[in-house]
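> Here the protein sequences line up with chains A and B, keeping their order. 1044 is the number of the first residue of the first sequence in our numbering; add one for each residue after it. -2 is the number of the first residue of the second sequence in our numbering; add one for each residue after it.
Calculated from the structure, these hints are not laboratory results. The structure displayed is predicted, hence computed values, not measured ones. There could be a bad hint or two in this list.
Claimed, not checked - Derived CB-CB ranges, DEER-like:
1. 194/B - 1345/A: 36 to 42 Å
2. 102/B - 1075/A: 37 to 43 Å
3. 1420/A - 194/B: 48 to 54 Å
4. 1347/A - 132/B: 22 to 28 Å
5. 1075/A - 15/B: 58 to 64 Å
6. 1087/A - 102/B: 52 to 58 Å
7. 1345/A - 68/B: 32 to 38 Å
8. 54/B - 1417/A: 30 to 36 Å
9. 135/B - 1076/A: 38 to 44 Å
10. 1068/A - 54/B: 48 to 54 Å
Claimed, not checked - Away from chain A, derived, C-beta distances all over 12 Å, residues of chain B:
11. 41
12. 59
13. 77
14. 91
15. 104
16. 180
17. 212
18. 234
Glycine residues also receive a C-beta, built at the ideal position from the N, C-alpha and C atoms.
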Amino acid sequence: MRLDHLGVVLRKEVADNLRDRRAVAMALLFPLLGPVLLAVTFSVVARQARSAEERPLTLPVAGADHAPHLVQFLRGAGADVVEAPADPEGAVRAGDRDLVLVVPPEFGARLREGRPAPVRLVIDESRQSAHAAVERARAMLSAWSRQTGALRLMARGVHPAAAEALALETVDLSTPESRAGLLLSMLPYFLVVAVFVGGMYVAIDTTAGERERQTLEPLLLHPVPRESVALAKVAATALFATLALAETIVGFGLVPAALPLERLGFSIRLDPGMLLRTFVLFLPLLLLASALQVLVAVRARGFKAAQASLSFLMLVPALPSAVLALVPFKLRPWMMLVPSFGEQQLVLRLVRGEPVAAGLQALSMGASALYALLLVAAAARLFRSERSMFGK
Amino acid sequence: MIQLRDLHKSFGPVRALAGVTFDVADGRITGLLGPNGAGKTTALRILYGVLDPDRGSATVDGVDLAASRLEAQRRLGVLPHSHGLYPRLTAREHLRYFGRLHGRGGPALEARIEELAALLDMGEFLDRRTDGFSQGQKLKVALGKALVHDPRNVVLDEPTSGLDVAGTRAVRALLRRLRDDGRCILFSTHVMQEVSALCDRVVVIARGQVVADGTPDDLRRATGRESLEDAFVAAIGSEEGLG
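Same shape as in the complex, but just chain B (with noise of 0.2 Å):
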């Protein structure tokens, strides 16, 4: 469970965010849906605790970031914008590092290691060190280290930027299956596909603030377009930034 109150953020002159509110519920799938510089990703960094709103909150399970970052930093799980990787480590001490850093350790760790290999089929570049990984290895890396300590809440910032089909449907089963767990699951985008294919509810920004929310049906009654893609324009008033 993620709330989002009344966030504002500038950066000197530029204004990111004025006044961002929005829920993202259990056992659904959120997509924040919004063009490029629309606030998504500044909108995100802010719910995962490295920048600092200049108004507003944003609580996770209740637990409120600007009171107990660490806490509410735990029950997250991250595919932050920028996913790099350490060259020089293995994707098991990716894994191993990240869950340590959650407080897990020992054999329940390396289990939970072998898990999420499994789960993600990264049985044969496990142990190899990640310089030189494709662009997919390098998302299971990272969706792997968001996924560590089997976070109850979790968020992506555009998880399938960058990947080819197949990696793009593998990614995709994999949100619907964490939906299914009963998690909270919120991702930024701005692809139509996406949202479509995968979405129960679609945020909906554009200029630093939330311009429709609700499902994909309703979106589409809301503004009376046929198309999702017609309605997101509706939505936000023009053409900019569509990729």
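Chain A with its partners taken away, still in its complex shape (with noise of 0.2 Å):
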């Protein structure tokens, strides 16, 4: 393979591109989505947690007179009861309470009975916002309701473990790494969005955008083998494409810095090695996706056609992720040889502190790296071909 002016054909598409308001927005705005997407979602998350623990639950009361034992309880363990609304379904339908706790005129009597005494707690079980209220009223209610039947089977010469069939206890896995993972489970989409997103630009416009012009007949009337026209085309892209990897890279190792994770029960170790480690996996995927981009828009009709192809070829990637996500699954050596979706699972790995094997990486980039030089080896082909240069 000849590629003689290689580099001037290269340094051309770069200086002209940079000059390229869409294309530079593209590779330097687009990439800084994620972070400032990741940084929103910790805060807003922040702040609920924050709010759930410190504030005392309010739990307004409805019939508190007929209950006061029970009344008594809650505010020992900390509840602020007040009065609730008129009408407390609708004031919770509303929004204006998080939940309401509802006890009927008939709770005395059937307490004094020794028969479960009803109450009702008022929730929207869709709004996430007031789940934690209603896990510590729910929490609150039924220790008191442990407590009743105790006292109950004692005064009867019960021992109350006998009414305990279960010792059950949680033993709870998750790592502060392994929550944070829950969180950063969108930056693997993220990586590859930057990998294709970086470049788009570049690829349309060397490609369809060089036909459109006119300027592709001129280009390649000179002495330079075609080889070179194409490799540079696609060096131009991955040039891009690489630019906003990095910062996107760069841009989630520095929103842990900036917030206070570790008080929250979240730790993300995002540190510069794992950071490379992630760099490096994503190149070979990179340069794929900037040689299928070169090889889609030199086939397109015009921009808008390109532009409309490589939007659609953008989410390919996500499928994979986006069905298996719903399904548990293991990962198995093969699943490296799906381009993106090893990178992904790989990263996702890395960014929850579980080990990730260095053969399963090697594996992952290899696969990537082969589909990558078949498509540039193609691209490179198509750009030899006089009916896709110059053909109808």
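Both chains are sitting in their own frames, so use the hints and assemble them into the complex.
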């Protein structure tokens, strides 16, 4: 393969596209989206967690007079018992209250008879922000229920433990890293998007754009091997994509440093070594994406058509991960052969603080590199073909 | 020195060239004349190496395009059919880019750019981005690109189309100067005045074949017509596509 003048074409494409506001915006602004979104998510989660822990539970109780002992217990457990609104269900539905405890008039009588005394907790299960308050109220109520029940058993000479058939103990294996990993699960896709979006305009501009401007024929009549032209265009695209990828990774690296995550029980170890490993992991995929974009764009009828095709192309790498996010699965080595999927799964494990075997990473990178080289060769071939260059 | 031998080219069912043969000599301006769709552009595209012929050969200074395309292209200066420019690059950057693609560079290339800017009167817009250039300015940049490596053979596809009178005269003067330097000049046109004003020799092509080849006087004599336009119509056998 002859590659004379590759540097001349590459330098021109880079200089030309650096003057294109759209190309620069795509490479520099778009990659900020992921880190910014992560920062916003974290601060929202942080604010909710803080307010749930620090604020006393405000518990509106309707019919508090019917259950003075219960109310006293709730106050003792830290709840701020307040007057309930006249229409408890309407107030919860409208979002004025997170929850309302309703004690019916027959509560006292049933309690004295030793039968289960009815109380109603009015909540909206679908309201995420009320979850913490509802859980705390439920815990308080069942604590009182257990305590009262135990007293009754003792009064009848039965050991309260007899009523407990199970000694349930939940062992939570989530680490601060894995809890953060849940929030970081969007990171892999943003990396893939960066790899595709960063060079998208360059891929279009240097192929379909060149054709539309009628500069393709003047370029190809010069004594430059077609392979040089094709490779220069892929390389220019890849350079812009590299910029976007690096920016995304650095951005994600800076977010945990800027937010007080440890206090919230999250730990994100996006240390430089791991970030660098992620960057290297994505490089073969980046070359694959650039070659694929040039291949698709050079066949497009014009700038607009190329734009539509490439926007669609960007969604494809999201599909396997999106489907498998709903189905639990175990990572197998063959999955590393699926480009973009392998990288996404590996980086997900990296950010969750799980060990990632070097062999798996090598397999994933090797597979993507192989596909990338095949696509580069296909692009070079396409530039040699008279029909794809000048066909109608 | 350019030689086209028995060029055949079809695009699907459309036969663009059906055996085109002619030579273009050094120190002469040769006009390739023909109605629209006669195959002029196809023949030139094969000559400058962006299309491959189905049959036949094209050589530049004896170098065969099929065998050594890059070597043949190095010997050609081309104003192609579509001469688009990069809107975000300046005129100077265009000349530099294409000069480098011809293997030139350094102070010699920069000096050549200054020389061309003077020759083509580009001084005032040399360092402006080409976005918004007039037709005439664009053509000057395209001509500069074609001449940046000082080629011995110059091929131009309809060089004066879209130009005003002053621009047309300037291009004609430039072509004469290149000829007087002993270069080999081939240009295509469908405009008759162009031929009578400029050409030492005319190759008339119609329906993918050469139908007449000689000086303008030869052409008039062979067809027995007084005006070149009548001679042309007689040669191609119809009035279709006359511009």
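> Taking the hints in turn, state whether each one holds.
Now the hints, each set against the structure:
1. 194/B - 1345/A: 36 to 42 Å: The hinted range 36 to 42 Å holds for residue 194/B and residue 1345/A, with Cβ atoms some 38 Å apart.
2. 102/B - 1075/A: 37 to 43 Å: 39 Å, holds
3. 1420/A - 194/B: 48 to 54 Å: Given about 50 Å between the Cβ atoms, the range holds.
4. 1347/A - 132/B: 22 to 28 Å: Taking Cβ atoms as reference, residue 1347/A and residue 132/B lie about 26 Å apart, which means the hint holds.
5. 1075/A - 15/B: 58 to 64 Å: 60 Å, holds
6. 1087/A - 102/B: 52 to 58 Å: 57 Å, holds
7. 1345/A - 68/B: 32 to 38 Å: 34 Å, holds
8. 54/B - 1417/A: 30 to 36 Å: Holds: the Cβ-Cβ distance is about 34 Å, inside 30 to 36 Å.
9. 135/B - 1076/A: 38 to 44 Å: 39 Å, holds
10. 1068/A - 54/B: 48 to 54 Å: 49 Å, holds
11. 41: At about 10 Å from chain A, residue 41/B fails to clear the 12 Å cut-off, so the statement is violated.
12. 59: 16 Å, holds
13. 77: Non-interface label on residue 77/B violated, nearest chain A Cβ at 5 Å vs cutoff 12 Å.
14. 91: Not fine: 10 Å to the nearest Cβ puts residue 91/B too close to chain A.
15. 104: 17 Å, holds
16. 180: Its Cβ never comes within 12 Å of chain A, the nearest being 18 Å, so this holds.
17. 212: Given a closest Cβ separation of 29 Å, the condition holds.
18. 234: With a cut-off of 12 Å, residue 234/B remains clear of chain A, as the shortest Cβ separation is near 28 Å.
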